[in-house]
Structures are given as C-alpha cells and as structure tokens.
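Given these sequences and hints, build the entire structure.
There are 2 protein chains.
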Amino acid sequence: MATELMRNEAGIATALGILKQQFGERFQTGASVREQHGHTTTWIENQPPDAVIFAQSTDDVTTVVKVCATHKVPIIAFGTGTSLEGHVNAAAGGVSIDVSQMNQILAVHSEDLDCVVQPGVTRKQLNEHLRDQGLFFPIDPGANASLGGMAATRASGTNAVRYGTMKDCVLSLKAVLPDGRVIRTGQRARKSSAGYDLTRLFIGSEGTLGIITELTIRLQGIPEAMASATCSFPNVEAACNTVISTIQMGVPVARIELLDEAQVRACNAYSKLELPETPLLLLEFHGSKASVAEQAEIFGEIAADVGGTNFAWTASPEERTKLWQARHDVYWAALAYRPGASAVATDVCVPISRLAECVSAATSKMAELDLIAPIVGHVGDGNFHTSILVMKDDADEVARAETFVGWLNETAIGMEGTCTGEHGVGQGKRAYLQAELGDATDVMVAIKAAIDPDNIMNPGKIV
Amino acid sequence: MATELMRNEAGIATALGILKQQFGERFQTGASVREQHGHTTTWIENQPPDAVIFAQSTDDVTTVVKVCATHKVPIIAFGTGTSLEGHVNAAAGGVSIDVSQMNQILAVHSEDLDCVVQPGVTRKQLNEHLRDQGLFFPIDPGANASLGGMAATRASGTNAVRYGTMKDCVLSLKAVLPDGRVIRTGQRARKSSAGYDLTRLFIGSEGTLGIITELTIRLQGIPEAMASATCSFPNVEAACNTVISTIQMGVPVARIELLDEAQVRACNAYSKLELPETPLLLLEFHGSKASVAEQAEIFGEIAADVGGTNFAWTASPEERTKLWQARHDVYWAALAYRPGASAVATDVCVPISRLAECVSAATSKMAELDLIAPIVGHVGDGNFHTSILVMKDDADEVARAETFVGWLNETAIGMEGTCTGEHGVGQGKRAYLQAELGDATDVMVAIKAAIDPDNIMNPGKIV
Chain A
6 MATELMRNEA
16 GIATALGILK
26 QQFGERFQTG
36 ASVREQHGHT
46 TTWIENQPPD
56 AVIFAQSTDD
66 VTTVVKVCAT
76 HKVPIIAFGT
86 GTSLEGHVNA
96 AAGGVSIDVS
106 QMNQILAVHS
116 EDLDCVVQPG
126 VTRKQLNEHL
136 RDQGLFFPID
146 PGANASLGGM
156 AATRASGTNA
166 VRYGTMKDCV
176 LSLKAVLPDG
186 RVIRTGQRAR
196 KSSAGYDLTR
206 LFIGSEGTLG
216 IITELTIRLQ
226 GIPEAMASAT
236 CSFPNVEAAC
246 NTVISTIQMG
256 VPVARIELLD
266 EAQVRACNAY
276 SKLELPETPL
286 LLLEFHGSKA
296 SVAEQAEIFG
306 EIAADVGGTN
316 FAWTASPEER
326 TKLWQARHDV
336 YWAALAYRPG
346 ASAVATDVCV
356 PISRLAECVS
366 AATSKMAELD
376 LIAPIVGHVG
386 DGNFHTSILV
396 MKDDADEVAR
406 AETFVGWLNE
416 TAIGMEGTCT
426 GEHGVGQGKR
436 AYLQAELGDA
446 TDVMVAIKAA
456 IDPDNIMNPG
466 KIV
Chain B
6 MATELMRNEA
16 GIATALGILK
26 QQFGERFQTG
36 ASVREQHGHT
46 TTWIENQPPD
56 AVIFAQSTDD
66 VTTVVKVCAT
76 HKVPIIAFGT
86 GTSLEGHVNA
96 AAGGVSIDVS
106 QMNQILAVHS
116 EDLDCVVQPG
126 VTRKQLNEHL
136 RDQGLFFPID
146 PGANASLGGM
156 AATRASGTNA
166 VRYGTMKDCV
176 LSLKAVLPDG
186 RVIRTGQRAR
196 KSSAGYDLTR
206 LFIGSEGTLG
216 IITELTIRLQ
226 GIPEAMASAT
236 CSFPNVEAAC
246 NTVISTIQMG
256 VPVARIELLD
266 EAQVRACNAY
276 SKLELPETPL
286 LLLEFHGSKA
296 SVAEQAEIFG
306 EIAADVGGTN
316 FAWTASPEER
326 TKLWQARHDV
336 YWAALAYRPG
346 ASAVATDVCV
356 PISRLAECVS
366 AATSKMAELD
376 LIAPIVGHVG
386 DGNFHTSILV
396 MKDDADEVAR
406 AETFVGWLNE
416 TAIGMEGTCT
426 GEHGVGQGKR
436 AYLQAELGDA
446 TDVMVAIKAA
456 IDPDNIMNPG
466 KIV
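Protein chains in written order, with the working numbering: chain A, 6 to 468; chain B, 6 to 468.
These are calculated hints, taken from the structure and not from any lab test.
Beta-carbon label-pair distances, calculated as ranges: (1) B:Ser369 <-> A:His333: 51 to 61 Å; (2) A:Thr314 <-> B:Ser62: 48 to 58 Å; (3) A:Val311 <-> B:Ile110: 28 to 38 Å; (4) A:Gln106 <-> B:Gly411: 35 to 45 Å; (5) A:Gln330 <-> B:Pro281: 50 to 60 Å; (6) B:Asp184 <-> A:Pro239: 51 to 61 Å.
Reference listing, derived: stretches of chain A covered by chain B, where coverage requires no fewer than 3 residues with Cβ under 8 Å from a Cβ of chain B: (7) 155-163; (8) 439-448.
By construction, the Cβ of each residue, glycine as well, lies at the ideal position given by its N, Cα and C atoms.
Here it is as structure tokens:
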C-alpha cells in the first residue's frame, strides 16, 4: 500500500521543525516510540510515523493539524494501538497524534443515560467511573481500547447483539477537520433528523476525515440481574440454528458467542477445562431476576431440541466468571495452541442464515491449506474471527494464510456478507471493498476528496 | 426558499419533452396531480413540480435521472407525500419521481430477520405481509408512510425508544446517484465496518443525494405478549421523572407517550373518554407474558412514587386498543378541538432531563402568544410535537405561530437538543440547522457538492 503514496520529505521536515518547537517533550522522534505508533498485526510491514505528538486538548490537535495542513503532511490518530488492520501505520510517514493523554470523562448525565468523554478514555476506565452510578457502557471489543479509536473503527464485540455497535452508542462527536476547523456533529438529544448524519459518517472513517477529540456516548443502566450459560453442540449447524431460533423468539440475549471445536480444544488445554471438544455457545442474559431465569430456560429448551448438551446456566457472579473464562482467554489459548506462532486475526460477517455454511467452509479451507486457525464468533450478528496461527518466518505458510484471508473475504461477500464486521478496513481490507461495494466506493472517494482534498488524514486507509 | 433558486426554464422544457416520449401515460402534467406532489403542511407555499413521473423500477428512475442530469433539471422523490416540512415541494420546479408503484416486497429472510423492499412499500403493507411469519417492522411514525420516504427523512415514532429509528432499522440501500449510476450502500450482514457508512449518510438525506430504489430492512420477531398501560400525573415534571426512572431501571418499554393537559382535554371531547385532564402517559410493553406483567408492575410502582394516579394496564388486545384510542386519535382530536383550524405540526427533541422544562416553557410561550397547540411526545426519546391550531386566513395568528416555532427551535437547541427529532429539515427547519450545528453544516454543503455538483437532487432542502 505504501508504494501508492509518495512521502513529502520537504513538508515533513518543515512541519517537524515547527511542531518540535511548539510541543517540546510532547514531541518525540525516538525509534521505539515511533515503532510503537505505526504497526499492524497482519503481514503488512510496520510503517512508523516520523514523529509522535502527545496531545492534551482539542487545541493541541488543532495546532498539529494546521501545521500539517499547511505543509501537506500526513496525520495519523492513535488511541491505544489495538487496531488490527494496520490502521495506525504511517503509509507515507507524517505525524502520529497520540490522544491517550486526552483521557478525561468530562460529564456524566445519569438522567439522560449519556456521558461526554475525551477520545483517550478507555472502555474499562469509563466503566469503572460509571459503576457507582448504576450505569455502564456496553461495547466490549475485547481489548481495552480507547473510545476514540472504537468510534473511528466502528467497533463492536460481544454485547453488540443486544446493545448495538459504536454507531448505535455514540450520540455526537467533536472532530478537528483537515483544515483545522472544529465541528460538532450533533447535539445531545437521543435522536435527530437534522441534516446529514455526520456522526455516523465519522464513525468508521478511521481517521481519514478528521480527528475525533470528544464523544457523547449513550449509556445503559446496569441490569438488576445477569446470568451466563454454556451449551455444547454436535456441530456448528446445530449451534447456529439455536442462535437463529433464540433471536427469532425475541429472547433479548446480551451475548451469544460461538467457539469452534479447535478453539474449545485450545481452551481446554490452556484453561484446564474439560469441555466437550465440540462447538460451544457461551451466553449472557441481562434483565430482572425473573427475566434472566426465563431467558436461560427458553434458550435451554431451544438448544435441547437441536441436540445441545451439557447446558448449564448460573446467575452467581463467581460461576459466571468461571463460565466465561474460556471466552476471555481465547487469544492466549490460541497462541498456546501453537507455541511460537503469531495470531493473525481476521473478521468477516454474514447473514446469520449463512453462518454455519461459512464457518464450515472456512474449516474445510483451512484443512486444505494446512493452516491452524481457531474460530470465535459473535454469532448473534453473524460475525466471526479466525485467529490464523502463523509462523511468520515461514514464507510459504504466510502466503497460504494470505490465500485463506482472500478466500474468506470473497466467500463472505458472496454470501451477501461483509469483509469486516468490526475490525475495519485499515490497510488489510482495502482490496475487498471494491468487490463488496462496487461503485459505492467511488462515493467514498468523492467524500474523502471533498473533506480532505490534500489527503493528509491517515492516507492509504479505506479509500 | 424558492427565491434562492433559479428555474432552469429551457432545461425543464427540453427534459419534459424527452420524458413525455419515454413514459407516455406515466408522465403527467395535470394541475391536480402536480399540486398533490408539491405541498407542505407548514405556511410555506405549495410549489408543484412541472411534471410527475410514476416510476416502476430502478431502471425507470435511472432513465429520469439521466435525462434530468443532462439538462440540469431538479428531481424530487415522492413516496406517499406525508412529510411535514415541505420535503416534496419543487422549489425550483422540475420532475417529481413518484415511487408509489414501486411497492413490491422482494424478499423476506425470516432466519436473518430482514427483508428487501421497494421504496413505495408502506409500513402497514409490510406488516400485513409479515404477520403470518411472526415478524414485524417496528417503526411507526403515525402516517402510513412509504419506507423509502421514512428512510429519506430518518423517521421514527412511538416505538423508537425500544427499537430505534430508521437509521437503526435499515441494513442497506440501493440508490440512483445524481449522474444515474446505481449504488448499493452495503450488504445484508447485520453489521459492518467496511468503509464510510453510506447507508446512514443516505438515511435522512431527504432525496438530496440520490433516489432510494430498494431497502434492506431489519425486522423483529412479534413478541409473545404485549401489554398497554395508562397513568395520569399531576404535572409534566412528574410524568417525565417517571419516564427517566423507568428507563434508568432498564425496563425495556416499547412505547412511552406523553399527552399534555390540552391534548387530553381534546381527546376526552373527541373520543368521549373521561380521562383526568392532567398529563397522561400511555405505554406499551413487549416480551414474554411474565416479562410484560413484570414491566407493567415495575412501571406502576415508579409512577405511584411520584404521584401517578389511575394507573391501569392490560394484556387483552381489545382493551389495549381502547387504551391506545386516545393516542391514535390525537390528530383528529386536535383538529376538532378548534373547528376550522389547520394543524401545523412541529417537532423538537431534547435530552430527557430537560424535557419537562422544555414542555412547560412551550406551554407558557403558547399562552403568551395566545396560541392553541396540544402537545404529544415520544418522551422516552425526549421528542415532542406541538400541533399548532392555526386559522390560516388570520395573518396575525400565522405570524405568532411562526414566532412560536422559531422560539421553540431556539429553546430546544439551547438545551442541547435538536430542531427536529424525526420530521426532518425539508424547507421548514433549514433556518435552524446553522444555529444547531455551526460549521458542521459546511461539511454537509461539501458532501452535497461532491455528490450532486449540479444541485439537481431536491434542491432547496437541508443545505
């Protein structure tokens, strides 16, 4: 991807000189800090920025953007660096704006179930802050990501089946445009029909249209009760059919996760569990005490009808934690499953009716390509991840992994699905956008050109 | 608004000549059909298009758009004509594309809880089609609007507190761009992080970026049980506080509507009811039998704590219909409340913590201006409507109504609210967008210019 873009050496040198004067110790060019700020978990090479600036305010961001705009220098926003598709790579060099120090929770409006935060606030930090007020922020992508980054990539995760994705949980954004102007995309009302939905346009724009410097976020009341459940299935089809029936029945599951056979095997080994080594569903129910009991029982009946076994549910916090242990440890379990390997996480999302077929085909394809890649899925949404366990010094295996990712994306798109349910496009999924959306990508290009005509905002990503 | 825009007389004449040849009887220029297609319910004058074309396919729409693009002639999409802010007015003349004959339900995917429809399908038509499959489409803006129009205005209504707005219920769109290209904004997966959210950009764009010719829509399973409830309150504050507590407690109310004292009085007179003439909440609960009973009881306890009286709930369909009669008849009740008057509906939306204050201030302002305007609100969202009952031949009263609408919008914006929660901008709310969103409106202008450089798509609306 880097080859498409030319480095503006003169502009970068000039801008760096100015910014160094202005930001002092908050301007850094050491190799390790630059490398930490430009990386990817795919096989695309790391592309460090030329400098990292630690912003502490919207004004700081504006200052950086104006200098970079004047000298046509790329700007890449950085939160916690947990994105997976090379979103923070500096494909043409430039300046990484690290917003991790912009981590203040500016207001919590408990009556309105919303809060206003800076972009470097992480989801765990927010939830710790909210707990005493009986509120929580539901989106859980796994990593303790920053809320700015989660908005920029349209993140979701395990709770999305009940609470939606970042597009549903953000009311409005403050953003610095490529020319340094600061806009607010909406007010604090829970809904609005006032003009184009700029909030949703910036959510998922991956820093290519501007830098998010403040977010107004919808919250949820902590439910009176939570219950967790596990159930094993003879095959992926049975598990998926159970999910479909559960959702059709209107059971408001908060989480419904699938682990395939390989992932269960990895979890048994890593977490010293004795789960049947067949596909497993893990669930969480939120509601009143009576409601979570009812939800768990209805689910159990549906699962039993299609051959689900070892169904267990509990409302006890300790036992819930234990049941979810396997899910929380999947990444480490996968790595331990093949010592020395790196995990290349890729995600696709298909209509739920096609999920079993897609997962099964992926399993066959991995066998054909002699790859090991446990599967975990947010199956209520039809979204699943393969963690391809690759020895990165084995060029042939890396090539086969690339072949698999290409095949998986094409297969998902062919099933009316998407090349990314929640990770975003970054560098890794650019090749599939055209196949998925055709001429609609031209509209994206037109919007990008209209808002960022000099292409200084995270160039080489999405479009 | 019309004065801002110049009519392109030569282009219109040429395009009409070509289109008449191509569409035969589906091309109409009679005065009554033109007047029906260019109207408003505000005091802005009716602005009929020069011709109306009844499209039957995406290809028809493409044909019209290409001819109009060549000759730079305005195109205004028309569904059922139930928009409220002059959205279908032809401010600079041109062609109205009526999509009401594009009313086929193309596919229902019950396992995926979605369907694919043409834009002229109305919400009632869709729900009748779905009923046998145990599915429903939840958005109810009151009027039996077309789904294309509902998407174009980002409609919502009584069920939005539980099921969201059109932005939450549309998975993807097919649209004809201003140059005649046809795009699809997404696939059928329930979520995606694949590039800019063009689906949400087109939802609420009011026909200014392209013409929606197909929608993929999320559906819900019909709940096992529904229950309705009513409760009277000594004042609007008590009613609003009950709503806030109910939502904070996580009671998943499906509908929670406020009628103010004037509206209850109007309903009593019109529907021969004997409700206490104080603010009233009407609710609906969806879930299992046990869950709706529990929801109603929790709500009843919360309401009793703040002085709610005459609380009644029922799960019987007949009694539910009776309880909701008042809500369904509000428009007619309001008209009957002042015989001879027209109802000018306006809507704003504020954070729910400010709702009581906003409604009370509106009531005082109406008294000060000697206006009659019953209030109905989707209070779970902080959204409310005033139906200003105006004698349209009384210029002074019309002027006072305009003053009220201006005051109401400024007041809502000052409370971190929006000038329109669900009706859209059209012509009527353009004046308030800048006050609400500042420089963000420049970004809207840039997007409009990038996608529709000749400003042929519903000119004079939004931006």
